[in-house]
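Undergrad: Read off the chains here:
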Amino acid sequence: MSYLEEGFTLRSWLTTRDHKRIGILYALAITVFFFLGGAAAAIIRLELLTPQGDLVSADTYNKLFTIHGVVMVWFFLIPSIPSTLGNFLLPMMIGAREVAFPRLNIISWYIYVLGATFTVGAVIAGGVDTGWTFYTPLSTLFSNTHVVAAVMGVFIVGFSSILTGLNFIVTVHRMRAPGMTWFRMPLFVWANYATSLILVLATPVLAMTLVLLATERLLHVGIFDPALGGDPLLFQHLFWFYSHPAVYIMVLPAMGVASEIITCFARKRIFGYKFMCYAILGIAGFGFLVWGHHMFVSGQSAYAGMVFSMLSFMVAVPSAIKVFNWTATLYKGSIEFTAPMLYALGFVGLFTIGGMTGLYLAAIALDVHLTDTYFVIAHFHYIMVGGSVMAYLGGIHFWWPKITGRLYSEAWGRVGAITIFAGFNLTFFPQYLLGFLGMPRRYHSYPPEFQLLNILSSAGAAVLAVGYLLPLIYLGWSLFLGKRASPNPWHARGLEWKTASPPPKENFHETPEVDAVPYAYNPEEKLA
Amino acid sequence: MSASSREIDAGGRGEPDRHARGDVDPRAWREETASLGMWVFLATELMFFGGLFLAYLYLRTHDPEGVAAASTHTHEWLGTINTAILLTSSFAMALAVHAAKDARRKAAQRLLVVTAAFGLAFLVVKGIEYGMEWRDGLVPGLRFTLAENTRTATLFFFLYFVATGIHAVHLAIGVATVLWIAWRLRAAALPGWRVDEIDVLGLYWHFVDAVWIFLYPLFYLVNLNA
Amino acid sequence: MKAGRPIRAYAITWAALLLLLALTFGLAHLKLGAFNPVASLVIAAVKAALVALFFMHLRRARALLVLFALVAPFALAILFALSGADYATREVHPAPWVAPRGE
Numbered sequence: 008m009s010y011l012e013e014g015f016t017l018r019s020w021l022t023t024r025d026h027k028r029i030g031i032l033y034a035l036a037i038t039v040f041f042f043l044g045g046a047a048a049a050i051i052r053l054e055l056l057t058p059q060g061d062l063v064s065a066d067t068y069n070k071l072f073t074i075h076g077v078v079m080v081w082f083f084l085i086p087s088i089p090s091t092l093g094n095f096l097l098p099m100m101i102g103a104r105e106v107a108f109p110r111l112n113i114i115s116w117y118i119y120v121l122g123a124t125f126t127v128g129a130v131i132a133g134g135v136d137t138g139w140t141f142y143t144p145l146s147t148l149f150s151n152t153h154v155v156a157a158v159m160g161v162f163i164v165g166f167s168s169i170l171t172g173l174n175f176i177v178t179v180h181r182m183r184a185p186g187m188t189w190f191r192m193p194l195f196v197w198a199n200y201a202t203s204l205i206l207v208l209a210t211p212v213l214a215m216t217l218v219l220l221a222t223e224r225l226l227h228v229g230i231f232d233p234a235l236g237g238d239p240l241l242f243q244h245l246f247w248f249y250s251h252p253a254v255y256i257m258v259l260p261a262m263g264v265a266s267e268i269i270t271c272f273a274r275k276r277i278f279g280y281k282f283m284c285y286a287i288l289g290i291a292g293f294g295f296l297v298w299g300h301h302m303f304v305s306g307q308s309a310y311a312g313m314v315f316s317m318l319s320f321m322v323a324v325p326s327a328i329k330v331f332n333w334t335a336t337l338y339k340g341s342i343e344f345t346a347p348m349l350y351a352l353g354f355v356g357l358f359t360i361g362g363m364t365g366l367y368l369a370a371i372a373l374d375v376h377l378t379d380t381y382f383v384i385a386h387f388h389y390i391m392v393g394g395s396v397m398a399y400l401g402g403i404h405f406w407w408p409k410i411t412g413r414l415y416s417e418a419w420g421r422v423g424a425i426t427i428f429a430g431f432n433l434t435f436f437p438q439y440l441l442g443f444l445g446m447p448r449r450y451h452s453y454p455p456e457f458q459l460l461n462i463l464s465s466a467g468a469a470v471l472a473v474g475y476l477l478p479l480i481y482l483g484w485s486l487f488l489g490k491r492a493s494p495n496p497w498h499a500r501g502l503e504w505k506t507a508s509p510p511p512k513e514n515f516h517e518t519p520e521v522d523a524v525p526y527a528y529n530p531e532e533k534l535a
Numbered sequence: 063m064s065a066s067s068r069e070i071d072a073g074g075r076g077e078p079d080r081h082a083r084g085d086v087d088p089r090a091w092r093e094e095t096a097s098l099g100m101w102v103f104l105a106t107e108l109m110f111f112g113g114l115f116l117a118y119l120y121l122r123t124h125d126p127e128g129v130a131a132a133s134t135h136t137h138e139w140l141g142t143i144n145t146a147i148l149l150t151s152s153f154a155m156a157l158a159v160h161a162a163k164d165a166r167r168k169a170a171q172r173l174l175v176v177t178a179a180f181g182l183a184f185l186v187v188k189g190i191e192y193g194m195e196w197r198d199g200l201v202p203g204l205r206f207t208l209a210e211n212t213r214t215a216t217l218f219f220f221l222y223f224v225a226t227g228i229h230a231v232h233l234a235i236g237v238a239t240v241l242w243i244a245w246r247l248r249a250a251a252l253p254g255w256r257v258d259e260i261d262v263l264g265l266y267w268h269f270v271d272a273v274w275i276f277l278y279p280l281f282y283l284v285n286l287n288a
Numbered sequence: 012m013k014a015g016r017p018i019r020a021y022a023i024t025w026a027a028l029l030l031l032l033a034l035t036f037g038l039a040h041l042k043l044g045a046f047n048p049v050a051s052l053v054i055a056a057v058k059a060a061l062v063a064l065f066f067m068h069l070r071r072a073r074a075l076l077v078l079f080a081l082v083a084p085f086a087l088a089i090l091f092a093l094s095g096a097d098y099a100t101r102e103v104h105p106a107p108w109v110a111p112r113g114e
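Chains as they are written, first to last, in our numbering: chain A, 8 to 535; chain B, 63 to 288; chain C, 12 to 114.
Quick caveat, the hints were computed from the structure, so don't treat them as lab data. Mixed in with the good hints there might be a few duds.
Which residues of chain B face chain C? A few of them, derived with a C-beta cut under 8 Å, are [what the hints assert, rightly or not]:
| id | residue |
| --- | --- |
| 1 | ALA209 |
| 2 | THR212 |
| 3 | PHE276 |
| 4 | PRO279 |
Derived DEER-like restraints, expressed as beta-carbon distance ranges [stated by the list, open to error]:
| id | chain 1 | residue 1 | chain 2 | residue 2 | range |
| --- | --- | --- | --- | --- | --- |
| 5 | B | ILE235 | A | ASP522 | 44 to 52 Å |
| 6 | A | HIS498 | B | PRO88 | 33 to 41 Å |
| 7 | A | ASP522 | C | ALA99 | 37 to 45 Å |
| 8 | C | ARG19 | A | LEU121 | 42 to 50 Å |
| 9 | B | PRO88 | A | ILE342 | 42 to 50 Å |
| 10 | C | ARG19 | B | ILE235 | 29 to 37 Å |
| 11 | B | ILE143 | A | GLU513 | 50 to 58 Å |
| 12 | B | LEU119 | A | PHE320 | 24 to 32 Å |
| 13 | A | ASN151 | C | ALA20 | 56 to 64 Å |
| 14 | C | ARG16 | B | LYS168 | 17 to 25 Å |
| 15 | A | MET313 | B | ALA90 | 17 to 25 Å |
| 16 | C | ALA27 | A | LEU366 | 48 to 56 Å |
| 17 | C | ALA33 | B | ILE235 | 56 to 64 Å |
Only a predicted model underlies this, so the values are computations on that prediction, with no experimental measurement involved. Don't be surprised by glycine CBs; every beta carbon is placed ideally from N, CA and C.
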């Protein structure tokens, strides 16, 4: 009997402690938020079709990009891979029957929902116009919108991240199957472990920052208020101490997913496995040292800027190691262009572009020109959308047979992947050019000479929207009419493929014993 | 926690299976898992307070004289007495955990009640102190009537109330949990899983104590030699 | 664990903590200049270490727990050091305060 057949009532889902069901609860919740954030983005791109601010007012536009940012960052990207795929797969990949603290796990989902309620409440009540960064003193003194409710939502949802991270850390340390040594763990597990460390260490700093911000807004006294001798840059230091590592919360699990998919469909053991592990830890560690590159033009000391600039360049090293190793894994591999593989390859390419342009922004002199332009927007969308969302969708496709026990339509899967890749580049590549030409972010109107590139970008967004709706349709269709999946349709090597599709409630009927390195793929072997 | 287990669990010693095979004590396994979970949680808690400490450091380094002047309005005797109370509560908590590990249920229960009593005493003193500060007009944003150097003094008391307030909330949660567990210990024999609960609760309690150990000199001892 | 010995260790720890409390309170009343904050923070750190090592059993804990006990102080050190790099070298040019409109 599979975990899906353990109970069909709503109650059996809402009171579950099964990490697999919790993963699905998260998947449903974040899908709702993905389309909510996407709807805001769609209106933004519609507005930017014309140079005049004619569709929405400047105020509404501010609220739209704030909703888009808050929802996409905290209610979609941060929980996306760890809380859905991570929850579902991490225990199975290490041969465990459950996570270390199953009750805490379902509590974390309810905390997410509670935080989401506040945020949706803030949106319904009239929105927030500060941008997702809540910079002071705009958010504390000047904004007349529902900042406190939105901040409460983000504060609360942070605790769901913390509990998930805590659970993963303890699970990896304590629940591994016999023989599952650290260097036999799949990279997806490594990536989620490193992500959990960041979640646990960085999120609470954001929580305290938001407490100070909300108190300051409510009482009109505060440490971020320059009129009182406070320092707005203190807010930025604290905010980016969380929010820069948060980028790695989003992209490290994506790297884990890409590693699993690429090695499977190249039918080759991942190149430089141990270096991949060290690179994951290196990125997580360096991630804490570079936040000041968000503040080059903020009035931060020039000397601190130099230090942060240099440290930021260093993050490129472990990131480059990963890209090189993925490429080397493909070399002489027996590559199969399945839908998940297309997503994973798309991830590598787009992550590389996003990462390289990150180096432009890490260079102080160039950053002075590029700060707060569309170049920055394009850069982080290449990392977060081109990187994380591509990998998330790739992972959803890769493990879909395992999660649902059904096969999706491979042809439609490929069409979807290619549509998203094309739509993504059409949307965001013109934004690099716009930014380089000097178009600032967060304005609802712009000079007419930028219109052509903006039309291209908006057209790309339409393609992207179709691309995102496609999986919703054919994956939904496969739930009812898709072919039944065998336990291991991809002939993959991880422990999660050694049990039924969908897995039984306790994951494995007998605890697996591990006696080999991961990814023992044979280059000559093809998919059946 | 023998010397032989004093190493990072880096080998492939998957615990659930080890106890399925009978070579690990499930109770010891659970105790170690629970304490790892609590230590990770405490790391989170420390980072939570860390942001506040940075804000304090900013204020202290930017206007040392202002902070020194403002701090003379705190009640250092009450703060010192409270520190002693909290340190003593930690002593009682350590004894309670020790009794629980020895399966001395009654002793553990009594010591937990003593711990909670000290915790409550701390909160009562803190409450009295807050009352005095309210009367003296030291509450920024609500009732702040301090004449001299208002800017830094406002921020100093802002941080004081946020820090001690959040600390007090933590302590109140601790007191409630200690009492709840003590109440559950009243009749039942002490089963193993409660020992790890008490152990983990002890870690939390000592952590809250340790936070206060830092808050005390930062807010009360700045300028006593004037 | 033999009964009695840990209890003695706890009692000694407690006594040491109270002594340190008296010491830090006393030192704060002396004019020591820059040494005042240093003394009170060092004593606080020693007290916290005593609590962690003896009351929280870190002295006998597995290396993994010690690691997790140290990781947050280490992360905080990064936060303080790199923000400090900014504060220590930043030039501040205060501008006159402009009140927000509409209030």
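Undergrad: Hints first: check each against the structure and report whether it holds.
TA: Hint check results:
1. For ALA209 (chain B), the interface hint is violated, the least distance from its beta-carbon to any beta-carbon of chain C being 20 Å, above 8 Å.
2. The restraint placing THR212 (chain B) at the interface with chain C is violated, with a minimum CB-CB distance near 14 Å, outside the 8 Å limit.
3. Hint status for PHE276 (chain B): holds, given a least beta-carbon distance of 5 Å to chain C, under 8 Å.
4. Given hint, PRO279 (chain B) at the interface with chain C, holds; its Cβ is 4 Å from that chain's nearest Cβ, closer than 8 Å.
5. Roughly 46 Å separates the CB atoms of ILE235 (chain B) and ASP522 (chain A), a value that falls within the hinted 44 to 52 Å.
6. The given range of 33 to 41 Å is respected by HIS498 (chain A) and PRO88 (chain B), whose C-beta atoms sit roughly 37 Å from each other.
7. For ASP522 (chain A) and ALA99 (chain C), the Cβ-Cβ distance of about 54 Å falls outside the hinted range of 37 to 45 Å, so the restraint is violated.
8. As the Cβ distance of ARG19 (chain C) to LEU121 (chain A) is approximately 47 Å, the hint placing it in 42 to 50 Å holds.
9. The hinted window of 42 to 50 Å between PRO88 (chain B) and ILE342 (chain A) holds, with their beta carbons roughly 46 Å apart.
10. Distance hint check: the CB atoms of ARG19 (chain C) and ILE235 (chain B) are about 31 Å apart, consistent with the given range 29 to 37 Å.
11. Distance hint check for ILE143 (chain B) and GLU513 (chain A): the Cβ-Cβ separation is about 54 Å, which falls inside the suggested range of 50 to 58 Å.
12. Separation of LEU119 (chain B) from PHE320 (chain A) is about 28 Å and conforms to the stated range, judged on CB atoms against 24 to 32 Å.
13. At about 59 Å, the CB distance of ASN151 (chain A) to ALA20 (chain C) agrees with the hint of 56 to 64 Å.
14. Look at ARG16 (chain C) against LYS168 (chain B): about 21 Å separates their beta carbons, and that is inside 17 to 25 Å.
15. Between MET313 (chain A) and ALA90 (chain B) the CB atoms are about 51 Å apart, so this pair departs from the stated range of 17 to 25 Å.
16. In this structure the hint that ALA27 (chain C) and LEU366 (chain A) lie 48 to 56 Å apart at CB holds, the actual value being about 53 Å.
17. The given range of 56 to 64 Å is broken by ALA33 (chain C) and ILE235 (chain B), whose C-beta atoms sit roughly 29 Å from each other.
Hints 1, 2, 7, 15 and 17 from the earlier list are contradicted by this structure; the remaining hints agree with it.
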